[in-house]
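A.B. asks: Start from the sequences and build out the full structure, keeping to the hints where you can.
There are 2 protein chains.
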Amino acid sequence: MVTDQLGTARTPGRPRSEKAEKAIIDATIDMIAEGATVAELSIEAIAARAGVGKTTIYRRWSGKEDLVVDALTSLKAPIPDLDAPTVRENIVRYLAAMQHESHSRRTRCIMNIAMSESERFPTLAERFREIAIKPRREALRVVLQRGTASGELRPDLDVEVAMASLTGAMLFFTKWRENDDPLPPDLADRIADQILPGLLP
Amino acid sequence: MVTDQLGTARTPGRPRSEKAEKAIIDATIDMIAEGATVAELSIEAIAARAGVGKTTIYRRWSGKEDLVVDALTSLKAPIPDLDAPTVRENIVRYLAAMQHESHSRRTRCIMNIAMSESERFPTLAERFREIAIKPRREALRVVLQRGTASGELRPDLDVEVAMASLTGAMLFFTKWRENDDPLPPDLADRIADQILPGLLP
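The listed protein sequences derive, respectively, from chains R and P.
Residues in the first sequence are numbered consecutively from 237, following the numbering used here.
Residues in the second sequence are numbered consecutively from 237, following the numbering used here.
Treat the hints as calculated values from the structure; they're not laboratory data.
Note that the structure is predicted; figures quoted are calculated from it, not measured.
It is possible that some hints are incorrect.
Since the list gives no way to pick out one identical chain from another, each pair is judged satisfied if it fits inside one copy or across any two copies.
Stated by the list, open to error - Cross-link-like lysine-lysine pairs, in silico, BS3-like; alpha carbons within 27 Å at most:
| id | residue 1 | residue 2 |
| --- | --- | --- |
| 1 | LYS312 | LYS411 |
| 2 | LYS312 | LYS370 |
| 3 | LYS290 | LYS370 |
| 4 | LYS290 | LYS411 |
C.D. replies: This is the structure in structure tokens:
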């Protein structure tokens, strides 16, 4: 058995702080999933739910908005490796990651609830965009730019519109689904196979 | 001067009921724009704001959800005439109408506020989809189907994915704008010019 600086017996395994942080993130997510709005959340209530002291939360996050941003970010799929040999494969990987992270109805609800307050919590929405959204979009932008450089994509590619059509197509299925029918597992391929060659004969 | 059946003097012009209905719709929209959630709205408050009696509202709408659906529907651009000679022109008209109706920040706020409660008011969201959304999507679907029939579009067109990419691209710009910069006026054309011929060289 190992003892730390304060003489406390430490069992080997995950550090205490990492467990505490996971409990805090999980508590935040659970409370939003149960319907708590960002306005209704409090560090106090989250700490109680997570079984930690408030100081443990403040050690890592300066306030509830920072904590909610990290909680929402943890729900997003990791940016996939976009180093496949073809631009089509990288596009499919990117779209498939979007589809995968939308799979859980619970995740969709949480995102909707939190983002519905973006008028009242503009800083939260802005930080979430900076931390979670922009890096993902930039990764796709780089894939498309490499595609024009390699000659796989048209030299006059309108990169922003291309991104909007690829991402927008997947978002159309994941965000505006009219029902909870499962999405086809090959949806990323189908989107790539329409948008890359286009709709003309 | 004309008198009606009750002997009330009627000035020529818009019928009284049409003015009252417009006032009711406007009051509903204004109150949502000022931050009232659907939960917080009441027929009583809307009637007071519109300067009408509650019975005037109930004559046309069975409850506040029906009224909110009609109010939101009134914010959407009319389905444009999609009878242009080419499929490209019809696609551009459709996308341009989407762009036009998103132009007002106020309209976007109202839509967001009302739709953010779709978990709590599923009937409202469902009815709005039936009345306002589905007919518009069906109109675009018909355009694309006619395009494959006429040979302007590929015979193996994946219609649902094509709709998702066209609509999703415009929604990506209008719904997830990261700022309030004005959208380029030729955006509908740019989207059509990427998606129709595709991204390949």
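A.B. asks: Against each hint, give a clear statement of whether it holds in the structure.
C.D. replies: Each hint, compared with the structure:
In this homomeric assembly, LYS312 and LYS411 come within 27 Å of each other (Cα to Cα) both inside a single copy, at 14 Å, and across copies, at 19 Å. Within a single copy, LYS312 and LYS370 get their C-alpha atoms as close as 13 Å, which meets the 27 Å cut-off; across copies the closest is 30 Å, which misses it. When the C-alpha separation of LYS290 and LYS370 is checked against a cutoff of 27 Å, the pair qualifies neither within a copy, at 31 Å, nor between copies, at 48 Å. Within a single copy, LYS290 and LYS411 get their C-alpha atoms no closer than 35 Å, and across copies no closer than 37 Å, so neither meets the 27 Å cut-off.
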